[in-house]
Amino acid sequence: MGQDTNELQAINTSWQIAIQEILRMVVRDMYHAGGEANFKAHIKRIEEAAVDSIYSDLRLRGTDEWTEVLVKERASNFVTTLLTSFTYDRA
Numbered sequence: 001m002g003q004d005t006n007e008l009q010a011i012n013t014s015w016q017i018a019i020q021e022i023l024r025m026v027v028r029d030m031y032h033a034g035g036e037a038n039f040k041a042h043i044k045r046i047e048e049a050a051v052d053s054i055y056s057d058l059r060l061r062g063t064d065e066w067t068e069v070l071v072k073e074r075a076s077n078f079v080t081t082l083l084t085s086f087t088y089d090r091a
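Using my numbering, you'd call the opening residue of the sequence shown number 1 and step up by one each time.
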């Protein structure tokens with residue numbers, strides 16, 4: 001059982017890193033030209049819209065309310081952590 005848990009953690013971590021790097025490149029390419037303040041404003045807007053969407057539109061069929069709330073909270077935290085890790089690269 002422990003090996004299955006470790007493998008699942010490795011898959012989840014790998015997935016998170018891959019998505020973060022893809023998003024970092026997309027966001028950087030889309031918003032870099034407007035300057036640092038514009039970049040940060042776009043990141044904040046994306047974060048707020050994503051969290052709002054998670055709470056208003058995410059429906060987990062077949063789960064209880066506690067599970068749905070927990071998933072929404074974790075998804076929202078992941079969005080915030082991911083987007084606040086993006087920095088404006090002056091290069």
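Bear in mind the hints are in silico, worked out from the structure with no lab data behind them. These numbers were taken from a predicted model, which means no experiment stands behind them. Wrong hints could be hidden among the right ones.
[Stated by the list, open to error] For each label pair, taking beta carbons as the anchor points, the in silico distance ranges come out as: (1) Gln-20 - Val-69: 22 to 28 Å; (2) Glu-36 - Lys-72: 28 to 34 Å; (3) Glu-36 - Thr-80: 15 to 21 Å; (4) Gln-3 - Gly-34: 25 to 31 Å; (5) Arg-74 - Ala-10: 17 to 23 Å; (6) Val-26 - Glu-48: 15 to 21 Å; (7) Val-71 - Gln-20: 18 to 24 Å; (8) Asn-6 - Glu-48: 31 to 37 Å.
[Said to hold, decoys possible] Calculated pairs, EDC-like style, for lysine to aspartate or glutamate (alpha carbon to alpha carbon, straight line, at most 16 Å): (9) Lys-44 - Glu-7; (10) Lys-40 - Asp-57; (11) Lys-72 - Asp-57; (12) Lys-72 - Glu-47; (13) Lys-72 - Asp-89; (14) Lys-40 - Glu-73.
Heads up, the beta-carbon is just placed ideally off N, CA and C, and yes, glycines get one too.
So, going through the hints one by one against the coordinates:
1. Gln-20 - Val-69: 22 to 28 Å: holds, 25 Å
2. Glu-36 - Lys-72: 28 to 34 Å: holds, 31 Å
3. Glu-36 - Thr-80: 15 to 21 Å: With a Cβ separation near 20 Å, Glu-36 and Thr-80 satisfy 15 to 21 Å, so the hint holds.
4. Gln-3 - Gly-34: 25 to 31 Å: violated, 48 Å
5. Arg-74 - Ala-10: 17 to 23 Å: holds, 19 Å
6. Val-26 - Glu-48: 15 to 21 Å: Since the Cβ atoms of Val-26 and Glu-48 sit about 18 Å apart, the hinted range of 15 to 21 Å holds.
7. Val-71 - Gln-20: 18 to 24 Å: holds, 19 Å
8. Asn-6 - Glu-48: 31 to 37 Å: Hint holds: Cβ distance 35 Å, inside 31 to 37 Å.
9. Lys-44 - Glu-7: violated, 34 Å
10. Lys-40 - Asp-57: violated, 25 Å
11. Lys-72 - Asp-57: holds, 10 Å
12. Lys-72 - Glu-47: holds, 14 Å
13. Lys-72 - Asp-89: The hint is violated at about 31 Å.
14. Lys-40 - Glu-73: The given pair, whose Cα atoms are some 23 Å apart, is violated under the 16 Å limit.
Consistency with the previously given hints fails for numbers 4, 9, 10, 13, 14, ordered from lowest to highest.
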